[in-house]
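Participant: Each chain, letter by letter, is given below.
There are 2 protein chains.
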Amino acid sequence: MNFKISKSVFYNALQIAARAISSYSPLPAFSGIKIEAKADSLILIGSDSDISIRTVILSSEENSLIIKEMGSIVIESRYIMEIIRKFDAETLEFEVLENSSAKISDDVSEFKINGMRASEYPNIDFAKPATLIDFKSELLKTTIMQTIFATSKSENRPALTGVNFCCNGNELICTATDSYRLARKKVQLADSYHFNITIPSRNLSEVVKTLDLEEDIVFAVSDKKAQFIIGNTIIQSRLIDGSFPETNRLIPQSFSYELEINYSDIIGAIDRASLIKNEGISVIKLSLDEQECILSTRALEVGSSKETLKDAKFSGEHLDISFNGQYVFEALRALNKGKIRFSFCGEMKPFIIQSVEEKDILQLVLPLRTYA
Amino acid sequence: MNFKISKSVFYNALQIAARAISSYSPLPAFSGIKIEAKADSLILIGSDSDISIRTVILSSEENSLIIKEMGSIVIESRYIMEIIRKFDAETLEFEVLENSSAKISDDVSEFKINGMRASEYPNIDFAKPATLIDFKSELLKTTIMQTIFATSKSENRPALTGVNFCCNGNELICTATDSYRLARKKVQLADSYHFNITIPSRNLSEVVKTLDLEEDIVFAVSDKKAQFIIGNTIIQSRLIDGSFPETNRLIPQSFSYELEINYSDIIGAIDRASLIKNEGISVIKLSLDEQECILSTRALEVGSSKETLKDAKFSGEHLDISFNGQYVFEALRALNKGKIRFSFCGEMKPFIIQSVEEKDILQLVLPLRTYA
Numbered sequence: 001m002n003f004k005i006s007k008s009v010f011y012n013a014l015q016i017a018a019r020a021i022s023s024y025s026p027l028p029a030f031s032g033i034k035i036e037a038k039a040d041s042l043i044l045i046g047s048d049s050d051i052s053i054r055t056v057i058l059s060s061e062e063n064s065l066i067i068k069e070m071g072s073i074v075i076e077s078r079y080i081m082e083i084i085r086k087f088d089a090e091t092l093e094f095e096v097l098e099n100s101s102a103k104i105s106d107d108v109s110e111f112k113i114n115g116m117r118a119s120e121y122p123n124i125d126f127a128k129p130a131t132l133i134d135f136k137s138e139l140l141k142t143t144i145m146q147t148i149f150a151t152s153k154s155e156n157r158p159a160l161t162g163v164n165f166c167c168n169g170n171e172l173i174c175t176a177t178d179s180y181r182l183a184r185k186k187v188q189l190a191d192s193y194h195f196n197i198t199i200p201s202r203n204l205s206e207v208v209k210t211l212d213l214e215e216d217i218v219f220a221v222s223d224k225k226a227q228f229i230i231g232n233t234i235i236q237s238r239l240i241d242g243s244f245p246e247t248n249r250l251i252p253q254s255f256s257y258e259l260e261i262n263y264s265d266i267i268g269a270i271d272r273a274s275l276i277k278n279e280g281i282s283v284i285k286l287s288l289d290e291q292e293c294i295l296s297t298r299a300l301e302v303g304s305s306k307e308t309l310k311d312a313k314f315s316g317e318h319l320d321i322s323f324n325g326q327y328v329f330e331a332l333r334a335l336n337k338g339k340i341r342f343s344f345c346g347e348m349k350p351f352i353i354q355s356v357e358e359k360d361i362l363q364l365v366l367p368l369r370t371y372a
Numbered sequence: 001m002n003f004k005i006s007k008s009v010f011y012n013a014l015q016i017a018a019r020a021i022s023s024y025s026p027l028p029a030f031s032g033i034k035i036e037a038k039a040d041s042l043i044l045i046g047s048d049s050d051i052s053i054r055t056v057i058l059s060s061e062e063n064s065l066i067i068k069e070m071g072s073i074v075i076e077s078r079y080i081m082e083i084i085r086k087f088d089a090e091t092l093e094f095e096v097l098e099n100s101s102a103k104i105s106d107d108v109s110e111f112k113i114n115g116m117r118a119s120e121y122p123n124i125d126f127a128k129p130a131t132l133i134d135f136k137s138e139l140l141k142t143t144i145m146q147t148i149f150a151t152s153k154s155e156n157r158p159a160l161t162g163v164n165f166c167c168n169g170n171e172l173i174c175t176a177t178d179s180y181r182l183a184r185k186k187v188q189l190a191d192s193y194h195f196n197i198t199i200p201s202r203n204l205s206e207v208v209k210t211l212d213l214e215e216d217i218v219f220a221v222s223d224k225k226a227q228f229i230i231g232n233t234i235i236q237s238r239l240i241d242g243s244f245p246e247t248n249r250l251i252p253q254s255f256s257y258e259l260e261i262n263y264s265d266i267i268g269a270i271d272r273a274s275l276i277k278n279e280g281i282s283v284i285k286l287s288l289d290e291q292e293c294i295l296s297t298r299a300l301e302v303g304s305s306k307e308t309l310k311d312a313k314f315s316g317e318h319l320d321i322s323f324n325g326q327y328v329f330e331a332l333r334a335l336n337k338g339k340i341r342f343s344f345c346g347e348m349k350p351f352i353i354q355s356v357e358e359k360d361i362l363q364l365v366l367p368l369r370t371y372a
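Residue numbers (my numbering), protein chains in the order written: chain G, 1 to 372; chain L, 1 to 372.
Treat the hints as calculated values from the structure; they're not laboratory data. A quick note: this is a predicted structure, and the numbers were derived from the prediction, not measured. All C-beta atoms, glycine included, are put in the ideal place defined by N, C-alpha and C. One should not assume that every hint holds.
Cut-off 20 Å, straight-line C-alpha distance, at most; resulting in silico cross-link-like pairs (DMTMM-like, lysine to aspartate or glutamate) [to be verified]:
{"id": "1", "chain 1": "L", "residue 1": "Lys-277", "chain 2": "G", "residue 2": "Glu-76"}
{"id": "2", "chain 1": "L", "residue 1": "Lys-68", "chain 2": "L", "residue 2": "Asp-48"}
{"id": "3", "chain 1": "L", "residue 1": "Lys-306", "chain 2": "G", "residue 2": "Asp-223"}
Coverage of chain G stretches by chain L, computed from C-beta distances (three or more under 8 Å per stretch; other residues unrestricted) [to be verified]:
{"id": "4", "stretch": "81 to 88"}
{"id": "5", "stretch": "123 to 135"}
{"id": "6", "stretch": "181 to 193"}
{"id": "7", "stretch": "293 to 306"}
Please model the entire structure based on the sequences and the hints provided.
Facilitator: Below, the structure is given as structure tokens:
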């Protein structure tokens, strides 16, 4: 194998493939990037078996890619990336030597890096699933960012460690919950589809990092895997086994209390109050009246805080309700702007946070017991 | 105690005092900042007994400091800094309550933070030592940065964990060594002084962070302590006990080989080659001839590299010499620019790196055994 390529194009492609590589992977080959030179393209593959990324560079004048000899090799990702990054020249030459090592050189310097034969790299099937959905990159990014934070960090219930993508017709419903809070986003699709899959949150984070917001993508699903096809890159994710809980019945439909407030006012107040922590958790209490809305905290060791919410409009009887400040903070950040509506059923009932303007995204939080 | 103050002025002063606070301090009071309101000034003190910082804010229109009631309190530094940072208002009110807690408030919100009585805070003597030296901030910063990296990270020989400041007349000599390399800077002083002290490297790092390069400082020394007086701030450091080794005899005076090369060329080549590491250490070999100068590395597991040095001028017989790439990299970075001269005595003898233009700074490195 022997090729010339633009340093920056090669480095960027290595960076994309390397996103799939995990330092915990038990298989030594998976700490490497598989580099394959075809007649007129270079294919880079990274994987940890949970997520696999394949990116292709097609020969063009812009990327200076010239394949002189076809072939393939696997190189430890951290070595090759560090080395490529430090080269001064704009174009590099890459050559596989006899003993499965690679020589990378420019006019000034020359590195020989030990590698592995490509035959030792597991064969990964990148065949495209049958169900293909066109997606705006921006919308996919928003959808993931508005839900992913609510996935569970604990492996106790594996189904909760991913975001559920469920479609029965023209509406895609994306749901994440760790059983203390829930985030749900509805997306209208141009066509009708039927699937119900859960994608690991870590893999969705890597998708977000790779998205080019200028280009649209294809979201391809089967009952075995999901693919995100972003230009010349395929990000392929395994699905989480086990059924995602039925969450519709958790979401209350009628409410006795409502609080409307500006996004910036409420998130600022919660951010400040979150400094008062009890064993790492900030318990925030709202004392709500039609005349006055007060946000307060108390932690035995640290101290307390109190703040009257500006421009808050509350309707209903007096209500005291407490919650984990971090959960509401993250839920608000997903809504991101405008006027926010909190809808409550009672002191110990789950409550809903929504943007007054955008109804497609819903955040639900379970309250905590209010201190005296 | 009760005062009003500009949020940003208060926060900046807390940040300075907090630099002395170490999370390892065994004394609970030392995790706090002592805040003392005098008739027309606010005094903040942070310490871990090794280093103590005292900064004073004098009442002025600019900082909005108005002392309404004198007094003092100690507040956990991480709590007070986080809280002050998150306030929206430009001016804050700070009031000590009866139960040794403090109320901090603006128009919108109010925090009550538990504190400690100031009487529980150790008394720190900030009396000024007799020997006072005026110093340009810029020069002090350069002097510390050009030597501090060569101090020892190991506590085996405590004297080597600091930078030695030695003065016998008009010349101040600052030396750091970890016994594998040495950095020495000479500074000409306007007056004549006599002292020989070693200041812990951690404390010098905090001095560098606090320096305002616009203002000059006073460096005050006794045989007990050193003070850096920076505007209204005093940084006071203990000295390291035990005598600093006599290093003059280690520095060779005559050389058989000389290499001259541009700073940017040699540091670039070493930076690239340092990627090839053997058990975390990059062993770099120079093969020097009057015709050609080659820099190479080899590591069994990773691979090898080779580079012909551009515009290198070598005089002497053929020389192969190897060294720890990190040591030479850091020594070069301290020289920072221009034309660099390496002066060698032989394959296994310490060698010197100096700027051709600036003779006041000298770097010495011990070579490693050259591989075959």
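Participant: A separate judgement is required for each hint: does it hold in the structure or not?
Facilitator: Checked hints:
With a C-alpha separation of about 14 Å, the suggested pairing of Lys-277 (chain L) with Glu-76 (chain G) holds against the 20 Å cut-off. Proximity of Lys-68 (chain L) to Asp-48 (chain L) is assessed by CA-CA distance (about 30 Å); at most 20 Å being required, the pair is judged violated. With a C-alpha separation of about 51 Å, the suggested pair Lys-306 (chain L) and Asp-223 (chain G) falls outside the 20 Å cut-off, and the hint is violated. Restraint check on the stretch 81 to 88 of chain G versus chain L: 5 residues with Cβ-Cβ distances below 8 Å, three needed, restraint holds.
Requiring three or more residues with a Cβ within less than 8 Å of a Cβ of chain L, the coverage given for the stretch 123 to 135 of chain G is violated, as only 0 such residues are present. Figure legend: the stretch 181 to 193 of chain G, annotated as covered by chain L; annotation inconsistent (0 residues with Cβ-Cβ distances under 8 Å, at least 3 required). Only residues whose C-beta sits within less than 8 Å of a C-beta in chain L count toward coverage, and the stretch 293 to 306 of chain G has 6 of them, enough to reach three; the restraint holds.
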